[in-house]
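In order, the protein sequences belong to chains A and B. Its first residue numbered 1, the first sequence is counted upward by one per residue in full-length UniProt numbering. Its first residue numbered 1, the second sequence is counted upward by one per residue in full-length UniProt numbering.
It should be emphasised that the hints constitute simulated quantities derived from the structure, not laboratory data. Please read these numbers as outputs of a predicted model, since none were measured by experiment. All the given hints hold, so there is nothing to weed out.
Pairs of lysine-lysine, DSSO-like flavour, derived with a Cα cap of 30 Å: (1) 57/A <-> 249/B; (2) 222/B <-> 197/A; (3) 222/A <-> 58/B; (4) 58/A <-> 249/B; (5) 222/B <-> 249/B; (6) 222/A <-> 290/B; (7) 147/A <-> 160/A; (8) 249/A <-> 57/B; (9) 249/B <-> 197/A; (10) 222/B <-> 272/A; (11) 290/B <-> 249/A; (12) 149/A <-> 58/A; (13) 249/B <-> 290/A; (14) 272/A <-> 197/A; (15) 222/A <-> 272/B; (16) 272/B <-> 272/A; (17) 197/A <-> 58/A; (18) 222/A <-> 57/B; (19) 222/B <-> 58/A; (20) 249/A <-> 197/B; (21) 290/A <-> 197/A; (22) 58/B <-> 249/A; (23) 197/B <-> 222/A; (24) 222/B <-> 57/A; (25) 147/B <-> 160/B; (26) 249/A <-> 272/B; (27) 290/A <-> 222/B; (28) 290/A <-> 272/A; (29) 149/B <-> 57/B; (30) 272/A <-> 249/B.
Sample of chain B residues lacking proximity to chain A, with all beta carbon distances greater than 10 Å (derived): (31) 158; (32) 166; (33) 171; (34) 174.
Ideal Cβ placement from N, Cα and C applies to all residues, glycine included.
There are 2 protein chains.
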Amino acid sequence: MHRTYSLRQSRAPTASEIENPPPPVSSTKANRLFGKTSFGHAFRKQTAGAFGPDLAKKLSQLVKMEKNVMRSMETVGRERMEVAQQLSHWGENCDDDVSDVTDKLGVLIYELGQLEDSFVDRYDQYRVTIKSIRNIEASVQPSRDRKQKITDQIAQLKYKEPNSPRIVVLEQELVRAEAESLVAEAQLSNITREKLKSAFTYQFDALREHCEKMAIIAGYGKHLLELVDDTPVTPGETRPAYDSYDASKAIIQDCEDSLMTWVPSHAAVSSKLSTRARTLSQRRRNNISKNRGEGIDLAGQDQPMRGDRDSWVPAQQHPDYQQGEEEEEEDYEETEAIPQQHHPNGEPRRDDEKMQQLPA
Amino acid sequence: MHRTYSLRQSRAPTASEIENPPPPVSSTKANRLFGKTSFGHAFRKQTAGAFGPDLAKKLSQLVKMEKNVMRSMETVGRERMEVAQQLSHWGENCDDDVSDVTDKLGVLIYELGQLEDSFVDRYDQYRVTIKSIRNIEASVQPSRDRKQKITDQIAQLKYKEPNSPRIVVLEQELVRAEAESLVAEAQLSNITREKLKSAFTYQFDALREHCEKMAIIAGYGKHLLELVDDTPVTPGETRPAYDSYDASKAIIQDCEDSLMTWVPSHAAVSSKLSTRARTLSQRRRNNISKNRGEGIDLAGQDQPMRGDRDSWVPAQQHPDYQQGEEEEEEDYEETEAIPQQHHPNGEPRRDDEKMQQLPA
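Sequences are here, hints too, so could you generate the full structure?
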């Protein structure tokens, strides 16, 4: 990896690079007319998080940048499908074998484009989940601000009018604000972790499926190529007639079967840990579960929490919460809207609801 | 597949979709401000092949469209790297475990971006190879045109001045033109097939490597996530200290090792053919090789060919070849320029030279 744990810059060639030395840098990377970055993408990235709560700034940017990634992936998918059609279109006028094989290659490449497209849909689930971390961050900000504000007021009053009766009132308010803040911070911590895990699990699962399916297609593509008769002919010689329409169709059918029956549990690519990494990870997991199972009696602690939780309101309903720019707002609503699309058959696919709750 | 051999439109859900129902359509696909297609990409696609020889028109378009695909893939790669940095940047302010894991996830995602980037370089090799088919198509066009032109002239003369001595001269010229054309067509047929095979072999090999490596990264990413302590805490409770920097580093190292040692011969994803497809493909291969080995004595045929081949000139040097628009010209030169970059260590990576020859 280029950017490793040590951030060292040089890297040794991989085994595969030694077998097949890498090609030169792609010629498409030079000679750009309009610079590298799309105007819209740069705009979206730069304006993200410019308004809205400070705490959620970085994550707002991340969410916008992920939107850029998705738009670009979508373009790749769409352009792949166009390429597939053009390939088949070109092949039409060639000899029978080239015509049939290019048409079938077109089918495979079209499928690559469609896989890319459905990967974008699944990637969006990851993005939406990251968004819910941003939302909790945004909602915790006002409670921090409020606590700070009351503390400041008390300090000011104590300096100006040390005997003011408002100090007592404010101090009571501070206790309440602190309680609220404590709950909010615990929610932030819990939700961030749960969502982070589920977001990336979603992304990596989708990526694995996407990649394995693409690799399957690549394999069948190579089978197809074998049907092309590349024996050189001499001028005036005609090639034997092509009669393998059945063979190419059978290959496509096999490919379709492989894609149809692919399930995560039969994933071919494995990412095994070395003994050292496994031991270290195991130790961490043991620590986590030991801590989890340590059995402190929390029954007493729970009572006040429950009562307090009802007083907690989302960021938007806070009196001193200021809404950011238009686009941001729409975005926040988007997060709310999506779960509803999700439950047409009553199947809870995203677990927002249960995570909004504090542990009982 | 959506676009199968039968072009049927409905498709049954795949096994993986049954296990995990697909998510709704990505929210990023709606609400576009500037339409779906980049202006530059649409322009490139539409102008491609508008000038230049007719025969090479469709392939010229394909080459341009592939350029679009590559530019888009490049954007995905670059944006992924940006996302990786932003993720790590966000995590910095979080608790130790979240901070460490997001940083390491950033390393993995950055690597995904770099893989995308090197895939683009390899995809370019495919594109350059397809370009060489376009070039042979372009160079065959003038020889077809010339033959047609002479035939027309003879017909015209025979009608106007049946006794003109020019007829004999033209007829001799036609014989030469026909010989040239015969050679050119054989070259077209041979080069198209060889290049088609090598181009797609290159693409599919690169795709397979790319995909398997991405799947490996996805697997290690999931290992990393296990280091995040997502046990819910109650308000005021502190989490145990994070001590697994070694574990996360070991996971990254394992991932690096897996990527470094990946070679095509150990590819995990297989694309096995069913018995039927295998039998049919085998039959085709037998036919090809039977034909190849049938042993017609071509010794007599070869002599005139060799002599003629020297008189064959590339399209650009033909007297009646008209160069297309500027961009096209640059493109043709590009194809010529790349092999030179390729031979710094005298290693012939592209097999253009040997394929330009006719079979002996």
